[in-house]
Amino acid sequence: MAMTITQKILARAAGKEKVVPGELINAAIDVVMCHDVTTPPAISMLKAHGIDKVFDPEKIIVTPDHFQPAKDIKSAELHKRLDDWAKEKGIKYYYPVGRAGVCHALLPEQGHIRPGEVIVGGDSHTCTYGAFAAFSTGIGSTDLAAAIATGQLWFKVPASMKIVLKGSIPAGVYSKDVILAVIKETGVDGALYKAMEFVGPALKNMSAEARMTITNMAIEAGGKNGIIGFDKTTKKYLDEHLKGDAEYTVYESDADAEYESVVEIDCSRLEPIVALPHLPSNGKPISQCAGIKMEQAYIGSCTNGRIEDLRIAAGILKGRKVAIRTIVVPATPAIWKQAMDEGLFEIFYEAGCVISAPTCGACLGGFMGILAEGQKCVSTTNRNFVGRMGHPRSEVYLVSPATAAASAVEGKITDPRTYIV
Amino acid sequence: MAKAHVYKRDHINTDEIIPARYLNTDDVDELAKHCMEDLDAEFAGKCSHGDVIVAGDDFGCGSSREHAVWALQGAKVGAVIAQSFARIFYRNAINCGFYVIELEDAVNKIADGDEIEIDYAAGVIKNKTAGKDINFTPLPDFALEIIRDGGLLEHIKKNR
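Chains A and B supply the protein sequences, listed in that same order.
Each residue of the first sequence is one higher than the one before, counting from 0 in numbering that gives the first Met the number 0.
Each residue of the second sequence is one higher than the one before, counting from 0 in numbering that gives the first Met the number 0.
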């Protein structure tokens with residue numbers, strides 16, 4: 000029977016020859032991602048139920064990221080619970096403050112994501128790891144507790160939606176614009192419960208980092224997972240990042256696999272997109288919304304806080320000054336160091352930006368760039384819901400790092416193509 | 000008797016149900032004070048024990064934070080009735096022993112302030128104010144059992 004890549008990975012994890020959409024399976028989990036907001040409650044649940052063991056201290060990856068370094072007493076308490084537990088359980092891959100980074104940038108970078116594996120995490124953007132031909136999905140704290148204790152979870156096998164990214168991406172347009180265009184097409188619940196499988200020629204020249212931006216936002220279309228097949232770009236990234244146990248199995252969709260629906264995007268015709276408040280699906284071509292005045296620009300997050308994103312922003316900010324407060328948040332310590340070594344910090348400093356430690360920070364209204372009433376922020380993050388980055392009457396405009404940088408220079412939504420020669 | 004609080008909105012998201020600025024705690028009473036705050040700042044004050052939220056499509060979209068369910072439970076919300084639910088929220092709700100009901104066109108079948116009574120196993124909402132019964136497809140038995148036991152972990156413990 001023909002299967003999609005998602006079905007094949009889930010079948011393997013369930014110890015079955017085949018699985019069909021809608022089937023309930025019990026799957027073995029390869030990696031469990033834990034951070035500072037959803038894991039401490041899971042730890043408390045396990046304690047309250049007298050469950051002492053973790054299924055495998057080498058397969059549970061732990062980092063504080065949302066409020067790291069601790070922003071207040073309450074978050075310090077969360078970090079303490081996470082830290083005490085990680086040490087008590089002998090978690091092998093624990094990244095405490097100093098090595099902590101935004102989880103979805105950190106795990107691939109540190110070599111914890113392998114093709115063909117099943118990864119769950121207590122965070123909705125866990126779908127990011129699908130960029131490496133893995134099945135990866137976000138869960139809540141109770142499921143997280145169950146996964147930590149047993150290394151297994153039940154799933155309903157999702158039907159797949161094929162997203163065909165046709166053509167090639169023009170200069171000044173990035174993978175963030177592509178995924179905003181996809182979500183504009185599907186709506187925020189168009190892929191509800193489904194696997195979003197991204198294929199097509201536009202992916203071919205896209206780096207692994209840029210692909211992560213695409214799968215990262217599958218949840219913003221309601222998707223259960225986002226997934227991109229294995230190719231030489233995937234292999235190159237893995238060769239550079241995987242540690243000792245570099246073995247993995249590559250699965251690919253059968254040519255005659257069934258898809259519930261197909262969405263086609265002609266990337267050649269795209270222009271930069273801005274998702275206006277208050278839904279990620281509210282995308283508008285920049286030609287229709289340039290000029291809206293901003294108070295802040297934010298460049299960072301699990302969507303666009305990787306080195307490539309910082310290079311794109313720096314390319315525009317070089318030799319220019321920002322007109323509004325601009326916050327740059329490298330997603331991991333390694334990205335932070337690389338940006339410094341490459342001279343990007345010099346560019347950001349001269350432009351008048353502030354550079355933060357790695358953190359989820361203001362993306363979710365935590366800290367490090369909260370908005371006051373009525374303020375508008377042009378942001379490379381993934382959500383622009385009411386109150387997302389601060390006051391309930393503040394606004395978030397989702398864009399690529401290039402659009403964020405160009406808008407920072409002019410203090411208003413600006414087409415980055417005028418800055419790219 | 001439960002009162003219905005109707006929000007004629009789709010995509011009521013986890014940032015509205017419990018804003019991330021309060022995620023520095025998992026204390027249920029603390030979360031409850033801010034339940035639905037960015038959608039309806041008055042909600043925590045006007046919700047009585049067992050009251051029900053009625054909404055449109057995709058309720059609970061966004062973050063995986065189970066804090067959204069805990070905030071609703073802490074605010075003594077009895078159930079959410081929506082045309083559809085976001086996937087992670089729906090699963091979290093059952094895992095926490097919280098009732099979720101999918102009902103086509105819910106916001107037009109129940110009016111704000113209606114007094115209702117729900118038979119979860121039979122799949123019937125008795126709208127006392129309108130004087131009519133509304134049928135819905137009940138949750139499957141295994142999900143109802145998890146909810147009755149008070150959540151997934153309690154359910155596992157009980158059946159171990």
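To be clear, the hints were calculated from the coordinates, so they are not data collected in a lab.
Think of the CB as a built atom: it goes at the ideal place given N, C-alpha and C, for glycine as much as any other residue.
Certain hints may be false.
Going by beta-carbon spacing under 7 Å, a handful of chain B positions derived as facing chain A [unchecked claim]:
id, residue
1, H10
2, N12
3, E15
4, R20
5, L22
6, N23
7, T24
8, D25
9, V27
10, S62
11, S63
12, R86
13, N94
14, G96
15, L102
16, K156
Structure-based check of all given hints:
no., hint, verdict
1, H10, "holds (6 Å)"
2, N12, "holds (5 Å)"
3, E15, "holds (6 Å)"
4, R20, "holds (5 Å)"
5, L22, "holds (5 Å)"
6, N23, "holds (4 Å)"
7, T24, "holds (5 Å)"
8, D25, "holds (4 Å)"
9, V27, "violated (10 Å)"
10, S62, "holds (5 Å)"
11, S63, "holds (4 Å)"
12, R86, "holds (5 Å)"
13, N94, "holds (4 Å)"
14, G96, "violated (10 Å)"
15, L102, "violated (16 Å)"
16, K156, "holds (6 Å)"
Of the numbered hints given earlier, the model fails hints 9, 14 and 15; all others are met.
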